[in-house]
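If you want the building blocks of each chain, they are given just below.
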Amino acid sequence: VRRVCCAALAVFLAAAGSSAAQDGAPQSAQEHEVKAAFLFKFLPFIEWPADTFAGAEAPIAVGVLGSTEVADDFEALAEGRAVGGRAVEVRRLKPGAAPADLQVLFVGRSQEGRLADLSRAVQGRPVLLVSESAGALDAGSMVNFIVAGGRVRFEVSLEAAERAGLRISSRMLSVATNVRPARP
Amino acid sequence: VKLPEFIRNSIRRKTMLVVLATTFAALVANAVALLAYDFYSFRTAQLRDQQAQAEILGRAAGPAIVFNDRKDAQADLAALRARTEILAAALYAPNGDRFATFERAAGGPLLPAAAPRAGQHYSGDYLLTAYEIAEAGQPVGSLYLVAHAGIYARIFAYVGILLLVMPVALGVSFLLSAWLQRTLTGPILAIDSAARSVVERRDFTVRARKTTDDEIGVLAEAFNRMLAEVEKRQEELAAADRRKDEFLATLAHELRNPLAPMRNALHLMKMAPGDAQLTGAARDMMDRQLAQMVRLMDDLIDVSRITTGKLGLRREMVELGAVLRGALEAAEPLANARGHRVDVRVPEGEVRINADGTRLGQVFLNLLNNAIKFTDPGGRVSLEAGVRDGWLEANVSDSGIGIAPGMLESIFEMFAQADRSLERASGGLGVGLALARRIVELHGGTIEARSRGLGQGSEFLVRMPVAGAGASGEPAGGEAPGRVRGTGSRVLLVDDNRDFAESLAIVLRALGHQVRVAHDGASGLDTARGFRPEVAFLDIGMPGMSGYDLARELRAAPGTAATVLVAITGFSQPADRELAKEAGFDDYYVKPVEIGRLKRILDGHAAAS
Numbered sequence: 011v012r013r014v015c016c017a018a019l020a021v022f023l024a025a026a027g028s029s030a031a032q033d034g035a036p037q038s039a040q041e042h043e044v045k046a047a048f049l050f051k052f053l054p055f056i057e058w059p060a061d062t063f064a065g066a067e068a069p070i071a072v073g074v075l076g077s078t079e080v081a082d083d084f085e086a087l088a089e090g091r092a093v094g095g096r097a098v099e100v101r102r103l104k105p106g107a108a109p110a111d112l113q114v115l116f117v118g119r120s121q122e123g124r125l126a127d128l129s130r131a132v133q134g135r136p137v138l139l140v141s142e143s144a145g146a147l148d149a150g151s152m153v154n155f156i157v158a159g160g161r162v163r164f165e166v167s168l169e170a171a172e173r174a175g176l177r178i179s180s181r182m183l184s185v186a187t188n189v190r191p192a193r194p
Numbered sequence: 005v006k007l008p009e010f011i012r013n014s015i016r017r018k019t020m021l022v023v024l025a026t027t028f029a030a031l032v033a034n035a036v037a038l039l040a041y042d043f044y045s046f047r048t049a050q051l052r053d054q055q056a057q058a059e060i061l062g063r064a065a066g067p068a069i070v071f072n073d074r075k076d077a078q079a080d081l082a083a084l085r086a087r088t089e090i091l092a093a094a095l096y097a098p099n100g101d102r103f104a105t106f107e108r109a110a111g112g113p114l115l116p117a118a119a120p121r122a123g124q125h126y127s128g129d130y131l132l133t134a135y136e137i138a139e140a141g142q143p144v145g146s147l148y149l150v151a152h153a154g155i156y157a158r159i160f161a162y163v164g165i166l167l168l169v170m171p172v173a174l175g176v177s178f179l180l181s182a183w184l185q186r187t188l189t190g191p192i193l194a195i196d197s198a199a200r201s202v203v204e205r206r207d208f209t210v211r212a213r214k215t216t217d218d219e220i221g222v223l224a225e226a227f228n229r230m231l232a233e234v235e236k237r238q239e240e241l242a243a244a245d246r247r248k249d250e251f252l253a254t255l256a257h258e259l260r261n262p263l264a265p266m267r268n269a270l271h272l273m274k275m276a277p278g279d280a281q282l283t284g285a286a287r288d289m290m291d292r293q294l295a296q297m298v299r300l301m302d303d304l305i306d307v308s309r310i311t312t313g314k315l316g317l318r319r320e321m322v323e324l325g326a327v328l329r330g331a332l333e334a335a336e337p338l339a340n341a342r343g344h345r346v347d348v349r350v351p352e353g354e355v356r357i358n359a360d361g362t363r364l365g366q367v368f369l370n371l372l373n374n375a376i377k378f379t380d381p382g383g384r385v386s387l388e389a390g391v392r393d394g395w396l397e398a399n400v401s402d403s404g405i406g407i408a409p410g411m412l413e414s415i416f417e418m419f420a421q422a423d424r425s426l427e428r429a430s431g432g433l434g435v436g437l438a439l440a441r442r443i444v445e446l447h448g449g450t451i452e453a454r455s456r457g458l459g460q461g462s463e464f465l466v467r468m469p470v471a472g473a474g475a476s477g478e479p480a481g482g483e484a485p486g487r488v489r490g491t492g493s494r495v496l497l498v499d500d501n502r503d504f505a506e507s508l509a510i511v512l513r514a515l516g517h518q519v520r521v522a523h524d525g526a527s528g529l530d531t532a533r534g535f536r537p538e539v540a541f542l543d544i545g546m547p548g549m550s551g552y553d554l555a556r557e558l559r560a561a562p563g564t565a566a567t568v569l570v571a572i573t574g575f576s577q578p579a580d581r582e583l584a585k586e587a588g589f590d591d592y593y594v595k596p597v598e599i600g601r602l603k604r605i606l607d608g609h610a611a612a613s
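As given, the protein sequences belong to chains A and B, one line each in that order. If you're matching positions, the first sequence starts at 11 in my numbering and goes up one per residue. If you're matching positions, the second sequence starts at 5 in my numbering and goes up one per residue.
Over the 12 angstroms line for every Cβ pair with chain A, so calculated as not near, a few chain B residues:
1. P8
2. L38
3. L39
4. S45
5. F178
6. L304
7. E320
8. G330
9. D500
10. G516
Only part of the chain A face toward chain B is listed, based on derived beta-carbon distances under 8 angstroms:
11. F48
12. K51
13. P54
14. V93
15. G94
16. R181
17. M182
18. S184
19. V185
Hints in this document: simulated from the structure, not taken from any laboratory. These numbers were taken from a predicted model, which means no experiment stands behind them. For every residue, glycine included, the Cβ atom is placed at its ideal position computed from N, Cα and C.
Isolated chain B (complex conformation):
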């Protein structure tokens, strides 16, 4: 059944319709049932009444028929005048002839001329009763009564009553339901109006009023909770949006910052190409600024990895001391520049842990850099670390500006900066702590900040499981790196980027190594055959033979099976690292590569020999 629109649109009208329809159905059912019962009982009573009337009258009139007394019979019938429902009556002699008659009005129902058979039946609105009169067991005649049944009148009366009662009952139930349904529809309408204002005004601070404890109350509560959730999310979204805007502003600023000094340095070099001191200072300046930019870019790449969930770990057995030393070395220039005292307390001897060494180093570098940046010049920064029961516990503390209690958690959020002006002055994108926390969490550990308040210094605690850790252990990996003989090593460089290859070759030669350069895989393989390099730096993405294929060939060839193979590539997906490892690479670096790192590899091999 399709309801008209004005009812379909309103729960109040629907409820009303339900109530009225129910009332109507109940009334009609009631009336029909009553009518049927009344009809039946009325009929039964009427039949019995007429039969009794006929018996009484028949018995009284019996002698009159027996003794042929018409006057008396007539008088007997005349007594029926008081019974208004009887319209006509007749007495019949035993031979069937009409003996006496009674008619209330002329033109009434016809009385049969001959005696009808005994019995009762309805004909139209008449009840006809024929009764056989007996005296001492002998039939002496019969009586015939014609009564007005009044059944139609009764039905009409019933219908009339129903028609009178129906509007009254419907009206009463309308008023009652209008009054009662407020308890039902009121709370729903409250939710409805809240929902409307949310939709129309996008105002998520609106709440539906909860007035009942029934299902609708539960609904209102759920609705309110949903609104609260939406409101919270909206606020969070707005905050994240704001942070991103701020980050972009910071990023632009940070990227632009190093450019001015670099341009200045370039000018200096152009203006006075002969002045060795001036050009040296200019080169140093450019080097520092470039390093800063590379760091910013690395941070940016990490940010995108974190936000896309692609930050992965490459766990292996690494030496904790080496990781910490790397971080300390990287932080040293800034610490020195700000005149801090750096206390380091790390375990004696070799402690090997199962972790991503590079990433872990990043964590400590970030913590150290933060400590250095947020401590006024001449302050104290300390690093403590140790391994206990398979857990690495480290602690970076400072005597710096401290952290307000309310900020202890939020500083770990992406792009969060406790003090923008200070951060700006110190340089950075505000992703260091977020990155650190993510890396530690990937290791299954925790990182937390503590501070006794602003100006009271701060402390960062790192705790993470480093399964397989021990005081000392086997060297990681089964491959023994090739020995480097003499002062310099034989180094093969294969890269299709000629500028990169040639510039790197110049630097390495300057460091005292024998360097051969090739620009594709095939010629690289050729060169390697005669040259037998101890270390080979290979690009991955090359035309023809890829770096992976080249590495496999080199590993397969007897002269280069033990060569230290290092990938230097623009690819930076974890999967690429895996492919590199499978192809036989010992190490993997993403461009741009710090010369210092390459130098350490070469130095490491030289020292090992």
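Chain A on its own, in the form it takes in the complex:
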């Protein structure tokens, strides 16, 4: 019996240790770096309406508002890389600027007060609105970063995405911590 207990303890300890080791790697990265990476990684899972792009090689325009770090990181990440045959362009938006000709709009925490306005501004256009503020989904955000247990996760509002005419891959939803369903 003692041996079995020892074995169980060993397994438990090993599992805990490995879990700690696995968690250690991303934690060492800065939060904005992870968010920039996620932002870039969202792109393949998003499907824009067919008439969104001017041509087959028209770039995907990503607007970043209210977070220079994310914009820097994203720019470094997207440099020279393509998603679905399209280049990825970063547009650093000034507060107050009109979010025109964008496919993705990231609104940093510093601009979270403008979220509802911006949501309205892109209303009816296929723009993926990404935010990093608690309760942002209620303000019209479609993908919202949250930090749980020291790790960056995200939640998705299918309802908002559907309104904008965007489709988000269910495979991306499978890793979302919370998905607000589309209106029936």
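Let chain A serve as the given structure and place chain B on it in line with the hints.
Relative to the frame of chain A, chain B by itself:
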């Protein structure tokens, strides 16, 4: 391959061995083929299945790696628990670090710390599948699956099935073949048992049962026919043996018969040497008995010639009338003794035929003697003969006891006698008809017996080709016999047997001929020079100069070139006759020679002169 003895000795076991070996080979071949196919298809399916599993899982786990969600990745891998063949799995981040793992049991196969290269391979009884996960064309990590291949278990299962099925299949084929091979081996064993009983009991009346129409049936039939043949031969052999025994008994009896009267006659002559009438009767008796014995001996010699196939013919142009007259004369005493009337109808004038006159005479004498013997005293015997279209047709008939229908053929067999008691009473060895048939057949002809039944008399028909026959023809031979002048002829006798020569000389002198005797070739030649004999009787086997040489010398000498040369010899082979003819002899006689024949030669020459 040398089979063990208990199989070698039995066709049934051999067949069984063939069937079982065939079944075994078929089963093993079948199992190997199935196993190879199954192994191949199982492997292919397994590889495809694991690849598909990796693809599905990799695709599902892709976002978890992309968005660094370990919990989710772990949950994805945990879904593998339902796939019992998968023992362990791991997800690797793009940088090659292990991201999430799944292990069914502790102490299972080790998961590599770094991401392995994509691909599938077997290692031991494990199937290892490494799959590269991609999102939107970008590699995002990889998946590693360790599955239990179960190939050994499968092979063991196959061998187990084979081991289970093998005895059952062999047993079934054993029973089936035991049942079916009865149709094959049954008929063979039937022949075998027949053959065994033939060998063990020498019983040739056994027959193999024919149960099939195949080759074995044919074999059984052939075997039975052979047995029938053997049985027939055995019966024939036994019959021939019996006939020979009977013949020997008859022969002994026949040879002994004349001795008693001869001894009696001798006694008479000793007792009353002065009584001319008594001694004359005694001499006549001895003469008759001696003649009978000589006839028996001649028959015996002919029997041996027939049985050894040495009976030959000496064909020449002979006068049919002379042949028939000779036979009739020889048969006359017996016919007279039994008081028969003998009717003779032969062609008028001289009819010359190409045949062995002596032998042909023998045929008619035998037929006449038979007719006379087997007809009750006071009966009728007739002889008819004629030549038509080159064929001699003759017929000897009688009013005698006849022949039973079943005996018409068998009376021609050697030693056959229709009625032993009667034959015995009449004297004879039972070879006459066999000899007659043989002689006629050698002439290319046929002889047959006819009878309307017992007591109805019998008839013998002889038909044979006598090529060169004509109503009249040239005298046979080119040599004109020497003329004999005066009442007697000059006769030279040369023989180293003094008793024979002197006794014959006395007889010939008594017949009124001039006779000179010599005992060897040289003195014979000397004597002939001055004596110029018309007829010379020469022995063949003499010391110094042989009869052949003497004949040649005589023919070469002017004084004796036309002398009638007659060989008198103990030799009796056809080849000797040929040699005699070549040496210049006109005639050839085998000892003992009847005085009557010599007398006829001398008379013939005398008459011709």
